[in-house]
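Enquirer: Build the full structure now, drawing on both the sequences and the hints.
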Amino acid sequence: AQSVTQLDSQVPVFEEAPVELRCNYSSSVSVYLFWYVQYPNQGLQLLLKYLSGSTLVKGINGFEAEFNKSQTSFHLRKPSVHISDTAEYFCAAQNSGGYQKVTFGTGTKLQVIP
Amino acid sequence: ETGVTQSPTHLIKTRGQQVTLRCSSQSGHNTVSWYQQALGQGPQFIFQYYREEENGRGNFPPRFSGLQFPNYSSELNVNALELDDSALYLCASRRSTGRTDTQYFGPGTRLTVL
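Protein chains in written order, with the working numbering: chain A, 2 to 115; chain R, 218 to 331.
Derived from the structure by calculation, the hints contain no laboratory data. There may be inaccurate statements among the hints.
Heads up, incomplete: computed chain A residues facing chain R, CB under 7 angstroms, no partners named [unchecked claim]:
id	residue
1	Gln43
2	Gly44
3	Leu45
4	Phe91
In silico SDA-like links for lysine to any residue, alpha-carbon gap of 25 angstroms or less [stated by the list, open to error]:
id	chain 1	residue 1	chain 2	residue 2
5	A	Lys59	R	Ser313
6	A	Lys110	R	Ala304
7	A	Lys59	R	Thr319
8	A	Lys102	R	Thr319
9	A	Lys70	A	Pro19
10	A	Lys50	A	Glu65
11	A	Lys110	A	Gln11
12	A	Lys102	A	Leu8
13	A	Lys102	R	Leu256
14	A	Lys102	R	Pro278
15	A	Lys110	R	Thr219
16	A	Lys50	R	Gly273
17	A	Lys59	A	Pro13
Chain R side only, calculated, beta carbon under 8 angstroms to chain A, not exhaustive [claimed, not checked]:
id	residue
18	Gly273
19	Leu307
20	Asp318
21	Thr319
22	Phe322
23	Gly323
24	Pro324
25	Gly325
We put the beta carbon where it would ideally sit given N, CA and C, even for glycine.
Expert: So, in structure tokens, the structure goes:
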């Protein structure tokens, strides 16, 4: 079984300020980790993913995330946010085996303030 | 664009009715998963089909069923609709190669049950 916890339901941040969205996971097996973004009334868009290798993963739109195995975390960061980053962000964990079930967190709403 | 489409975009039904939602995947994507996203929540895994057979299921009752067709399209059927079935339904497809496969999401179908 696996679970994903997103520690903040909402994160307000001023434009051009840095932001960190937190994600912790637990799993009895190896997992792969993802961040997705969802804009209003749209589906999910993949931001970045960690499968193996370097623990610092770079994604689209200037986002990056760091996998920390000892802390079972996969926090998402961006050094300078834009108004267009206002959206909901979901962290997800995917089983490395079996039918590769994906478990999502409850989401973090990022609100960028002008 | 993910190459995954869903129809219809919106749907209104009444309690007790039946509904069929459709998904069209990218060519070559032999695996499709369906998710339910209630308002303010993360997506919840319903089930997954691989080569036209269900090979994984989340915590959803049997009145949620599916089909996958050889032409990379699939359906989600829900019988005896309940008010709590109101949600955004997302399909996601990938080409399973035995290794970790990134899944691509469609834009979703928003179902309202009155």
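Enquirer: Look at each hint and say if it fits the structure.
Expert: Against the structure, the hints:
Checking A:Gln43 against chain R: minimum C-beta separation of about 6 angstroms stays under 7 angstroms; hint holds. Taking 7 angstroms as the C-beta cut-off, the interface hint given for A:Gly44 holds, the closest approach to chain R being about 4 angstroms. Restraint check, A:Leu45 versus chain R: the minimum CB separation of about 4 angstroms is within 7 angstroms; hint holds. Annotation: interface hint on A:Phe91 holds; nearest CB of chain R at approximately 5 angstroms, less than 7 angstroms.
Restraint check for A:Lys59 and R:Ser313: the C-alpha separation of about 24 angstroms stays at or below 25 angstroms, so the hint holds. Our distance criterion of 25 angstroms between C-alpha atoms is met by A:Lys110 and R:Ala304, whose separation comes to about 18 angstroms. Between A:Lys59 and R:Thr319 the alpha-carbon distance is near 16 angstroms, which keeps this suggested pair within the 25 angstroms criterion. Taking the CA atoms of A:Lys102 and R:Thr319, the gap is about 12 angstroms. The hint holds against a cut of 25 angstroms.
About 24 angstroms separates the Cα atoms of A:Lys70 and A:Pro19, which keeps this hinted pair within 25 angstroms; it holds. Our distance criterion of 25 angstroms between C-alpha atoms is met by A:Lys50 and A:Glu65, whose separation comes to about 9 angstroms. Proposed proximity of A:Lys110 and A:Gln11 is supported: the alpha carbons are some 5 angstroms apart, at most 25 angstroms. Pair hint A:Lys102 plus A:Leu8 holds up; C-alpha atoms about 22 angstroms apart against a cutoff of 25 angstroms.
A C-alpha spacing of about 22 angstroms is found between A:Lys102 and R:Leu256, which places the hinted pair at or below 25 angstroms, so the restraint holds. Restraint check for A:Lys102 and R:Pro278: satisfied, since their Cα atoms lie roughly 18 angstroms apart, inside the 25 angstroms limit. About 23 angstroms separates the Cα atoms of A:Lys110 and R:Thr219, which keeps this hinted pair within 25 angstroms; it holds. Between A:Lys50 and R:Gly273, the direct Cα distance comes to roughly 22 angstroms. Compliance with the 25 angstroms bound is thereby established for this hinted pair.
For the proposed pair A:Lys59 and A:Pro13, the alpha carbon gap of about 23 angstroms is at most 25 angstroms, so the pair holds. Annotation: R:Gly273 was flagged as interfacial toward chain A, and the flag holds, the nearest CB pair being 4 angstroms apart, inside 8 angstroms. At about 6 angstroms, the closest approach between the beta carbon of R:Leu307 and any beta carbon in chain A falls short of 8 angstroms, and the interface hint on this residue holds. Interface restraint check: R:Asp318 against chain A, minimum CB-CB distance 7 angstroms, threshold 8 angstroms, status holds.
About 6 angstroms separates the beta-carbon of R:Thr319 from the nearest beta-carbon of chain A, less than 8 angstroms, and the hint is met. Interface restraint check: R:Phe322 against chain A, minimum CB-CB distance 4 angstroms, threshold 8 angstroms, status holds. This hint holds: R:Gly323 has a C-beta 5 angstroms from the nearest C-beta of chain A, less than the 8 angstroms allowed. For R:Pro324, the suggested interface contact is upheld, since its CB lies about 4 angstroms from the closest CB of chain A, less than 8 angstroms.
Evaluation of the R:Gly325 hint against chain A yields a held restraint, the C-beta minimum of about 5 angstroms falling below 8 angstroms.
Of the numbered hints stated above, none is contradicted by the structure.
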